[in-house]
Structure formats: C-alpha cells, structure tokens
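Please build the complete structure, drawing on both the sequences and the hints.
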Amino acid sequence: MIPAEFDYFRADSVDAAVAALAEHGDDAKILAGGHSLLPMMRLRLAYPEVLVDVGRVEEMTGVREDGDHLVIGAATTHHEVVTNQLVRAHCGVLSHVTETVGDPQVRHRGTFGGGLAHGDSAGDLPAAVLALDATMVIAGSSGRRDVAAADFFVDYLETAVADDEVLVEVRVPKLDDSWSWNYQKFNRVAQAWAIVGALALVKSNGSISDARVGLTHMGVVPLRASATEAALQGNGADAIADAAASAGDDTSPPSDLNADADFRRHLATVLTRRALDAAVNG
Amino acid sequence: MTAIDNATAPNVGRSRLRKEDARLVTGRTNFTDDIRLPGMLHMAVVRSPMAHAKVTNVDLSGALDMPGVVAAFSGADLADDAGAVPCVWPVTEDMVEPEHKALAIDEVAHVGDGVAVVLATSRALAVDAAERVHVDYDPLPAVVDMKSAIADGAQLAHTSLDTNVSYEWPLVTGDPEEVFGNADIVIEREFINQRLVPSAMEPRSVVASPMGVSDEFTLWSSTQIPHIVRVLMAMTVGISEAKLRVIAPDVGGGFGSKLQFYSEEVLAVVVAQRLGRPVKWTPGRSEDIQSTHHGRDQVQRISLAMDADGRFRGLKVDLLADMGAYLQIITPGTPLLGAFMYSGIYKLDCYDFRCRGVFTNKTPTDAYRGAGRPEATYAIERIVDEAAHELGMDPMELRQRNWIRHDEFPYDMIAGLTYDSGNYEAATARAMELFDYEGRRAEQRERRDGDDAKQLGIGISTFTEMCGLAPSRVLGSLRYAAGGWEHAQIRILPTGKAEVITGTSPHGQGHVTAWSQIASDALGIPFEDIEVRHGDTSVAPRGLDTYGSRSLVVGGYAVHEASLKVVEKARRIAAHLLEADENDLEFTGGVFHVAGAPEQSKSMQEIAWATFSPHDAPDGMEPSLDSDAAIDPENFSYPHGTHLALVEVDTETGRVELLDYVSVDDVGKVVNPQIVEGQVHGGLAQGIAQALYEGAVYDDAGNLNTGSFVDYYVPGAPDLPTFRTDRTETPATTNPMGVKGVGEAGAIASTPAIMNAVIDALRPMGVNEVLMPASPRNVWTAMQQARQAGSADDHDVQEADGRAADAADDGGGAANAGEAQHAGGHAGSTEGGDA
Amino acid sequence: MEISINVDGSTHTADVEPRTLLVHHLREHVGLTGVNVGCDTSNCGACTVHLDGQSVKSCTVLAVQADGREVTTIHGMATDEADESTWHPLQTAFHEQHGLQCGYCTPGMIMAAADLLKDNPDPTEEEIRDGLEGNLCRCTGYVNIVRAVQQASGQAVDNPTAEEVSA
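Residue numbers (the numbering used here), protein chains in the order written: chain L, 1 to 282; chain Z, 1 to 835; chain Y, 1 to 167.
In short, the hints are calculated from the structure, not lab data. Please read all numbers here as calculations on a predicted model, not as lab measurements. Honestly, I wouldn't trust all of these hints.
[What the hints assert, rightly or not] Okay, the calculated bits of chain Z under chain Y, using three or more residues with CB under 8 Å as the criterion:
(1) 23–29
(2) 280–293
(3) 434–443
(4) 503–517
(5) 667–675
(6) 683–697
Idealized CB from N, CA, C, for every residue including glycine.
Put into structure tokens, the structure is as follows:
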C-alpha cells in the first residue's frame with residue numbers, strides 16, 4: 001500500500017540524472033511517469049533507496065523530427081504519443097498501439113520510455129518498437145550510445161539500460177503512406193494486460209514489400225514473427241492466412257492463469273492473421 | 001418519463017431523487033478511513049504467507065525497535081482478551097468447528113491468517129514495522145481441493161480436528177428412490193460454482209476508540225451489520241453492550257462481504273482498550289482480498305428425473321461447499337440458504353438434498369450477493385437447459401411445461417417453502433418480446449448454417465429466490481442463532497417534522513429516500529420533512545441490519561406500520577381537538593378533517609405541536625405521537641424474473657462477448673422504480689461477471705493467485721453492455737405494501753443465463769459444459785475436448801432400465817466436459833476458477 | 001521535502017516524505033477526504049483527480065511529483081457544495097440519473113468523466129464506456145453512469161424509470 005522510504009532527487013537535465021545514478025549505483029532507479037515502478041514499490045516488490053525523477057527533463061519530453069526519423073523523448077507521456085501531430089502523421093502505428101495501453105489516467109502519466117525500459121514483454125510498446133526497428137538512445141557516464149530495438153530487450157524485466165544509465169529518447173523511422181497497420185490486443189477486461197498481442201505493420205503497393213509482425217507476451221522479450229514476415233514478402237493478401245499460421249514458431253510463450261503456451265501460440269496465429277487482414281484490407 | 005405534480009402525487013411508486021446523493025457527489029463523505037481522532041494509532045496485521053503451518057515463534061522485537069511504534073502483540077499476547085471469533089449458525093448439532101481466535105497462536109490455516117499486530121503513529125510506520133516482525137513457520141500440507149479433502153486419509157486442514165468435513169446437512173422430501181428408480185430419464189451433471197472475491201469498492205476499515213473518561217467505547221466499521229457487531233463484540237471481548245456504540249458511517253458497498261464479524265474489529269477494540277487510544281485499521285486492497293470473506297465455492301452434483309415428455313419428477317442435489325479455513329458467522333449456513341431453492345420455479349414430486357461443508361486452507365467463505373441462492377439457481381437453470389438439449393426441446397418450452405402457473409399460487413414447493421405469488425408467464429412473455437427471441441434464434445441458425453467463426457448463443461434463466469430474510473421461527477428451525485425481525489421508530493418533532501429511526505443499515509441502497517417516501521405517504525408529512533437515521537446503535541438501537549434483500553420487505557414494512565401507529569395516535573388527538581368522533585374524521589394529505597366539513601381540520605403539524613404542548617389533550621393518553629413497530633415476517637418473499645442473454649462466441653479464440661441482456665423482473669410493488677432498476681443493474685453486473693470474468697484461484701500450495709485487481713477481473717464499463725430491463729408487478733401477499741426484495745435478484749438470475757448462452761452457442765460443436773468463468777481459456781478448452789471426444793451427442797443419459805451411466809467413468813465424454821476439463825486442465829483448483 | 005501544490009484553487013504548502021502518495025497527501029494533509037482509495041494496483045480509479053487539467057490516478061503519483069502543479073479534486077467541482085444549483089453538470093447528472101449507489105467510486109468517476117468530456121464533448125455510448133475504462137464501480141453496473149455522462153454532455157437520455165418533476 002505504501003512504499004518503503006526512499007530519497008528523492010529531481011533531475012533537471014540528462015546529465016544531472018546520469019550523475020545521480022553514478023553516485024548511488026544500483027540503489028537508485030529512474031522515475032518518469034512511475035506507472036511501472038510505483039505499483040511495484042507500493043506492493044513492496046521493489047525497494048529502491050533513491051528515485052531519480054526525470055519527469056521534468058525538457059530534453060526527454062516531447063517529439064521532434066530529425067530527417068527521416070521522429071525522435072520521441074523517453075519521458076513523453078502515452079497521451080502525448082497518442083495525440084501528437086508528428087506521431088500521427090509520420091508514425092501513426094505508435095499512436096494506434098499506445099492508445100491501447102492502460103486507461104486514460106494511466107496514459108496521462110505513464111511514459112513512452114518507461115513502458116520500454118521496464119522491459120515487460122506483456123507491455124504493448126516493446127513489440128511496436130521492435131516492429132519499427134527503432135533505436136534507443138541511452139545515456140551513461142561515458143556518454144550516449146544507440147541500441148537497436150532488437151538488442152534492447154534482454155530478458156523479462158531486463159533491458160540494455162544498465163543500472164547507471166538512463167533511456168533518453170527513441171528514434172523511430174518515419175513511415176510513408178504505403179504503410180498500414182493494425183494491433184490486435186487480446187485481453188480479459190478493458191484495463192488488463194495483453195494475454196497475447198499481434199501488431200501487423202505492412203508496406204504494400206498491390207503486393208507486400210515489407211511486413212513486420214511484432215508479438216506481445218509470446219516470450220520473455222517482445223518477438224518478431226519472422227517466419228510469417230518472410231512468407232508474406234512479395235505476396236498479396238491471399239498469402240496472409242498461410243503466413244499467419246507460422247506466427248507462433250520459435251516463440252516461447254509463458255503459461256499462466258490466462259493461457260498456457262499452446263493456447264498462446266494458437267492465439268498468436270489467429271491474431272496475426274486478423275491484424276494482417278485489417279492492416280492490408282483496411 | 002412521466003410528468004409528476006410534486007405537490008399532490010404519492011411518493012411511493014415514484015422515482016424520487018435520492019437524498020443521499022448531495023454529500024456523495026460532492027465528496028462530503030465520512031467513510032471509516034476518513035475518520036481521524038487525536039492520538040489515533042494505526043494497526044498493521046502481520047499475516048501468514050503460508051496456507052498451513054505451525055507457528056513456532058513470533059518475534060516482535062524488530063518491530064518494537066522501529067520509529068513510531070507504540071506496541072506490538074502476538075496471538076498469545078491477546079488470547080485472553082480476544083475470545084473466539086464466533087460462528088452464529090451451527091447448522092447441525094455435531095457440526096465440527098475449529099477454534100478461531102482473532103490472531104492465530106499455534107497454527108495458521110490460510111494465507112492471510114493473522115499472527116500479530118503492530119501499532120504505530122502513522123500507517124506508513126505501521127507497515128514498515130510489520131515487515132520487521134519475524135515469525136517462524138513450520139509448513140504443513142495445504143488442503144485446497146475439496147474432493148481430496150473428503151477422501152480417506154486426506155491431509156487435514158486443521159491439525160486440531162480429525163476430519164475436514166464440518167457437517168452434513170440433508171433434506172429429503174417425497175420418495176426419491178421410487179421416483180428416480182422409475183423415471184423415464186435421469187440426467188446427471190456436475191457443476192462448479194467458483195469462488196469469488198466480493199470486491200466492494202471500499203476496502204474494509206475499522207476505527208475503535210475509548211470515549212472520554214467514562215468506560216464507554218465507540219467502534220466505527222465499514223460494516224453492513226452494526227447491531228449484530230455490537231452484540232457479538234460484547235459477547236466476544238466482554239465489553240458491556242450498553243457501553244459499546246457501533247457506527248457504520250458511510251459504507252462503500254458490501255454485497256454480503258461486510259455482513260460479518262471480523263477479527264480485525266475484535267483486535268482494534270481489544271488493542272484500543274489496552275492502550276487507551278483510538279486505533280485504526282485500513283488494509284490495502286490486496287490485504288482486503290485475503291482477509292475479507294469470499295463467496296460461493298461449491299462442487300455440485302445434480303440429478304434430474306423426468307418423464308419422456310419432459311415433465312420433471314425429482315431432483316437430487318449433492319453439494320460440497322468450501323468453508324475455507326474457519327467458520328465465520330454464517331459460513332456453514334450460506335449454502336443452506338440455497339437448500340430450499342434448487343427446485344427453482346418448477347414442480348417436483350421429490351427432492352433429495354445433501355450438503356457437506358468442507359474445510360480447506362483458504363480464506364473463509366460466507367455470504368456474497370445471493371448467498372446460496374445464486375448457486376441453487378445456477379444448478380437448476382443449467383440442468384434444465386441440459387434436459388432440453390437431451391430431449392431436443394426448446395429450453396423455454398421445457399420451462400413452461402414445468403413451472404408453477406400463475407393461477408396455482410400460493411404454491412407449496414417440494415423443498416418446503418410456500419411461494420406466495422408470481423406470474424412467470426407474464427414476465428417471460430415480456431422478456432421474449434423485448435429480446436426478440438424468435439428473431440435471435442433465426443440469426444443463430446443463419447450463422448450456424450454459414451459456419452461463422454463467431455457463433456451466437458441464447459441463454460435463459462427463469463428464476464425465483466427466497467429473500468426478505470427472514471421469519472425468525474424458520475431461522476430457529478435451521479439453528480441460526482439470531483432472528484429475522486426488523487424495527488422502526490417514528491418520532492414526530494414539535495414543528496411537525498418526522499424522524500424515521502430504522503434498524504436497517506444501508507450502504508448504497510437508498511433507504512433514506514425510500515423510507516422517506518413510505519413515511520411521507522403514510523404520515524402525510526412532506527417528503528422533505530422526513531429525516532431517516534440509521535447505522536448508529538446509539539441513534540437507532542434496535543435492528544438486524546441489511547442483507548438478504550430484507551430491508552424493504554421487513555424494514556420498510558416496519559416503517560409503514562410505525563407510521564400507521566402514529567396516525568392512529570394523531571387521529572385520537574385530532575378527534576379530541578375537533579370535538580368529533582374518531583370515525584368521523586377523514587385523513588388526506590396530512591390533514592384530519594370532519595367528514596362533510598372540510599374547514600374543521602387539524603394538520604399533522606398542528607397535532608405535533610399540540611402533543612408537544614398538550615394543554616388540551618385526551619384523557620389517559622400519553623403525550624406522544626412517537627411509535628415503534630417491530631416486524632417478524634411470516635414468510636420469505638419470492639421475487640422472480642425471466643432473463644435472456646445473447647452472446648457471441650469467437651470460436652477461433654474462445655472470447656465471449658455479451659451482446660444483449662434482457663431482464664424482466666417481478667419484485668412486487670415498487671417504492672422507487674429508479675432505485676429498483678439500479679439494484680437490478682448492479683446485480684446483473686456481478687452475476688455476469690461470475691460467468692465471464694471473475695474467479696478466485698488458489699494454487700496447489702494454497703497461494704491465492706488472484707490477489708489483486710490486476711489478476712482478479714472485476715469488469716469495467718467497456719466490458720458490459722447496457723442492460724435492457726423491465727418489470728411485471730405481482731404483489732407479495734405477506735406484507736401490506738405488496739413488496740418483495742430486489743437487492744440480490746440480478747446476481748442470482750444472470751450467471752446461468754450467460755453460461756446457458758455460451759454453451760448454447762457451442763452445442764453444435766459437441767460442447768455441453770464450460771467451466772466458469774467462460775474465459776477464452778475455459779471456452780477453448782471445452783471446444784478442444786469436444787473435438788477430441790468426437791461424437792456430438794455423447795451424453796450422460798439414463799438407460800431405460802433406470803441406471804444412470806456413471807459420469808466419472810465417462811472419460812472425455814463431452815457431456816461431462818466440466819469434470820474432464822478439471823481433470824486435464826488447470827492445476828489444483830477444484831473451483832475451476834480461471835482468471 | 002517541501003512542496004507547494006495548488007489544490008482546488010488554493011495553494012497548499014507542506015513538508016512531506018518523498019514516499020507520500022498524492023492521494024494520501026490530499027486526504028491527510030490537505031484534508032480532502034472525498035478522494036478515495038479503492039485498490040493498491042492502480043486499477044480502480046477511485047482516487048482520480050486532475051493534475052494540470054488531466055485525469056490521473058493520485059495513488060500512482062507521488063506528492064513530490066505534483067510539486068508546483070495544479071490539482072483539482074471532487075471538492076473543486078462545485079462552486080458551493082451545499083447549493084445544488086452551483087454543482088458541476090456531472091454532479092447534477094449523476095444525481096438525476098441515479099449514477100451512484102454507495103458513492104465510493106463516484107468522486108473518481110466524476111473526475112474521469114469530466115476529463116472525457118473535455119476531450120470529447122459529444123461522446124457515443126461506446127466512447128463513454130471506453131473513456132471510463134480506468135474506473136471500477138461495483139454497485140451500478142455502469143448503465144446509469146453512462147446515462148449521467150450523456151446527460152451532462154447535453155445528449156438526450158433513454159431512461160424509462162426516471163421521472164420528470166414539474167414545479
């Protein structure tokens with residue numbers, strides 16, 4: 001109900017945040033929207049001794065253009081990602097997926113970076129950035145480094161962000177009009193986490209020239225349904241059903257109260273097919 | 001909408017807007033956790049993380065060293081002051097009951113069983129300190145499955161007992177052996193009515209405080225039963241009842257979960273007495289889920305004997321009811337509240353009921369919206385659908401063939417109750433019309449012919465229930481310790497306002513408004529001039545509180561009767577003042593006037609003042625209009641209804657969507673239609689949630705896996721449709737207002753309507769059972785098992801020679817998919833609960 | 001840590017532990033007990049308030065995160081709580097459509113609904129239900145809550161049991 005005691009430091013810049021992390025080591029955690037961290041602390045599943053609040057770091061908040069990419073600050077709220085004109089114009093799939101996260105109140109506080117850095121493969125955003133081949137920009141004492149989405153998610157609740165680092169922003173490629181998308185989020189009640197989610201991101205001009213299928217909650221990290229993607233390459237909408245049948249290949253979905261691994265694999269094929277149908281056929 | 005002239009129309013029957021709302025919509029509320037008293041300490045409870053263990057040591061020293069900590073106590077420390085937490089319904093003479101102390105001493109029997117308390121100056125410090133209490137546990141095997149628990153050589157849920165069976169309670173009428181032996185058809189099913197977490201939006205909360213320098217004591221509690229708590233507290237901790245004031249302030253929902261006498265109430269009182277300071281306990285939701293009693297949790301073996309043409313002859317019910325680890329106040333009796341209702345609305349020649357209460361190492365169960373009757377209604381409405389399927393008959397037609405006809409009331413039911421009135425034909429006709437039953441069946445056929453991935457299912461539930469708890473003599477015959485009366489006092493103030501002091505204890509049901517309506521009409525005093533007081537034993541000392549859809553039927557009746565007594569007294573005074581004969585006076589609109597001479601009149605306001613200043617009063621009459629009424633009902637009340645559900649089942653994913661829900665309920669005469677409709681809506685939401693979303697799941701080690709709202713799926717607004725409701729009105733014959741109860745009706749009817757709909761959608765696939773909740777997983781599992789079993793009509797039907805095929809030996813037979821699902825599927829939980 | 005928050009129009013300064021949740025700060029330090037706590041996993045929404053004009057779950061915000069910000073609670077929705085004519089249209093609508101029973105979820109529900117209507121002044125039933133997905137109610141089954149939001153948004157409401165009272 002009430003977290004254990006901790007010290008609080010409000011960073012006014014990325015450098016200040018990095019310095020605070022360097023000072024406190026693994027006793028410190030980054031706080032942005034707090035909608036992944038605070039719930040764990042309230043149930044006393046996490047006991048950070050220091051919270052470094054980056055919620056007001058200007059550099060980390062907001063969306064800007066950088067050539068053929070959008071750069072989304074890690075402390076940008078979900079609500080901002082959903083409504084932001086640049087995102088809607090150039091990477092609408094992110095608005096579409098983010099709209100399914102939590103509920104309106106959660107989206108007003110939870111952040112894009114927070115949803116990624118928490119490293120929960122049951123979250124919706126990891127599959128999205130994976131499908132987009134986005135790049136994460138991470139800052140630490142020795143400067144900044146880029147990590148591709150495919151390398152960012154390491155294990156359940158573990159990402160490439162080290163204890164003394166902070167995710168600063170995410171670079172997502174702009175999508176032109178030939179791209180379409182659909183996210184099928186399968187959950188029990190409206191607020192609930194995805195049991196399985198399938199994101200179809202397709203570039204087509206009659207035939208499919210590029211297909212990305214991101215899978216939520218099909219492993220300890222977000223996954224791409226690569227067999228499905230390969231089977232769609234160069235083909236039309238009639239290839240979707242067969243391609244989707246392999247969506248569960250090479251996945252290691254968990255078994256839990258909502259579904260066992262086999263059922264998840266089955267759901268992945270159905271949801272992938274439906275996501276692709278909706279994306280391609282509108 | 002109808003236009004009403006406020007000044008002259010009677011209040012009863014109108015959707016008067018609630019007096020309760022002004023404070024609630026502006027946040028000027030007083031829920032228990034809002035209470036702050038000088039010097040108040042916060043109590044944290046240290047709870048067992050194990051389902052079953054010996055407690056070998058409780059070390060409080062770490063906690064006592066923490067800042068802000070004033071005291072800490074183990075179970076042993078408090079053993080003498082805090083007596084046993086009682087069960088008030090020993091259902092049989094030889095009922096086995098484990099000792100239930102407010103804090104466990106030697107043995108913990110469920111995850112969440114309290115072992116120590118810590119008192120600190122703030123809630124945060126109390127939680128910090130509770131983490132520092134060190135308890136040594138010696139694990140014992142956990143009993144989590146009822147069937148295993150009753151088997152020979154089973155592990156024991158309590159080492160102090162030599163059995164896991166608390167009691168066996170039979171009820172047999174007619175000649176079941178003869179009927180079942182000779183029946184054309186016997187069908188047998190096993191149903192699992194899964195454990196639920198009631199989840200009122202306000203977690204429980206308690207504040208206990210000595211008051212001033214006297215030895216008086218006040219207990220505020222988020223409770224449905226302040227009067228009963230007062231009596232039980234006096235008996236449990238030895239405080240004089242006369243010195244104890246119990247207050248239910250604003251209470252944020254109960255649904256039966258706050259019809260309870262809880263350890264934390266006892267602990268708060270005992271500790272506050274010891275320390276001489278106020279003590280508050282407010283848990284977080286997760287702790288509340290562990291420590292507040294759960295609902296339902298039965299394994300039901302049901303057999304229906306019938307003629308070849310579908311006429312029902314007999315019913316057998318064999319229940320295993322999960323008590324949980326302890327018997328709380330009515331834990332053993334809750335399933336028995338349904339014992340009389342398994343026959344539903346149908347005529348039968350015999351009835352054979354048996355219930356065994358079984359201990360497990362889980363949170364205790366007790367009343368939850370419907371308390372025994374939803375379980376009964378579920379069983380009969382499901383097996384009637386199974387019977388229809390066996391016979392190849394429309395399920396509504398089969399019900400019509402067997403229900404009590406309107407002209408047959410009052411009707412003596414086979415299980416022993418007499419239903420006073422009802423009109424199943426009228427409610428059903430209206431429901432079928434609203435629902436467009438024929439049209440929906442046509443749509444269903446179309447989709448079946450087209451082999452649509454999304455199939456439609458239509459589910460029926462024609463229910464009745466017994467409520468308006470309760471005739472005391474019946475409670476006595478069932479060995480329930482308390483009675484079922486209700487009390488009201490009307491006090492007329494000098495300026496003509498009225499105070500209605502009720503023994504009911506509302507927590508959202510709108511009694512202040514409804515009792516104002518009743519009293520206003522009877523007294524002729526304006527609605528706005530009526531003040532209703534409740535929930536505080538110093539203000540409303542007599543009552544038996546609110547549960548079991550009793551408040552209007554018994555409590556409202558008492559308000560009505562007390563009002564009539566006031567009017568009788570007023571008439572006498574008016575006659576005296578008008579120098580007329582009482583019989584020559586007419587009373588309308590709150591005014592007595594001489595018949596034929598309307599200008600000779602006295603208003604209630606004038607009479608009130610004349611009573612306060614009785615300068616001219618009738619001889620021998622007490623100078624008071626105030627009147628009491630205590631009502632002990634002569635029978636239960638029997639609301640009924642017909643509910644129809646339309647679901648869409650996605651056969652590729654197992655997801656069920658509720659497309660439409662129609663309910664036509666008959667709750668007799670209605671005081672406030674909008675309040676009644678609200679009660680129906682709320683009940684529907686909970687009953688539907690049991691069918692589609694909720695289920696408390698324990699693993700093999702007795703851990704509660706659905707321990708928070710992350711995993712326990714209480715539906716939100718997008719998860720439910722707008723219900724379409726209507727009413728028929730067949731007055732009750734057992735009270736002058738003709739009212740029946742409504743609080744639980746929606747929850748009782750809806751669960752089987754939904755499940756019948758889901759199974760209806762999947763019958764062509766050979767599915768005849770789906771475990772509750774009908775989660776995608778459970779639906780998918782049912783479909784898979786039906787596919788594997790192959791034959792679409794492999795079912796459990798009695799052969800002509802009268803021997804029923806043994807369902808347990810039927811392997812993966814589709815007809816008993818429920819059992820097969822349980823055996824093959826999710827580890828551990830007999831409940832079949834699936835989040 | 002010393003923080004200063006504008007709550008319902010008044011600035012409130014206090015020294016708080018960093019771990020103090022905004023909901024507890026409002027309830028215990030500012031004295032606004034109409035903001036309720038219904039769960040510990042950010043699901044129920046009973047604690048919903050507005051933070052700089054946006055609905056948030058105050059149980060999942062640290063008081064220190066609200067430092068220097070504006071908070072609106074249920075207590076700030078009516079000009080004069082005791083005078084019905086000054087209530088926010090949602091308060092009136094919840095009352096008239098019987099959109100509450102026990103009242104525990106109501107402050108949070110009203111705050112969430114107010115945010116919904118700010119972004120979408122003329123919502124469909126589906127949009128209302130989706131917009132309130134962050135708020136649980138156990139009493140009403142949501143039907144009358146939807147009706148209340150429809151009324152507050154100026155839409156006609158289909159409610160056969162409500163009555164229209166003249167004079």
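So, going through the hints one by one against the coordinates:
Note: the stretch 23–29 of chain Z has 7 residues with beta-carbon separation from chain Y under 8 Å; the three-residue rule is met and the coverage holds. Counting residues of the stretch 280–293 of chain Z whose beta-carbon sits less than 8 Å from any beta-carbon of chain Y gives 3, enough to reach three: the coverage restraint holds. Figure legend: the stretch 434–443 of chain Z, annotated as covered by chain Y; annotation inconsistent (0 residues with Cβ-Cβ distances under 8 Å, at least 3 required). Remark: the stretch 503–517 of chain Z is confirmed as covered by chain Y, as 4 of its residues place a Cβ nearer than 8 Å to a Cβ of that chain, reaching the required three.
Residues of the stretch 667–675 of chain Z with a Cβ under 8 Å from some Cβ of chain Y number 3, which satisfies the need for three, so the listed coverage holds. Under a criterion of three residues with beta carbons nearer than 8 Å to beta carbons of chain Y, the stated coverage of the stretch 683–697 of chain Z is upheld, 4 such residues being counted.
Hint 3 alone, counting from the list given before, is not met by this structure.
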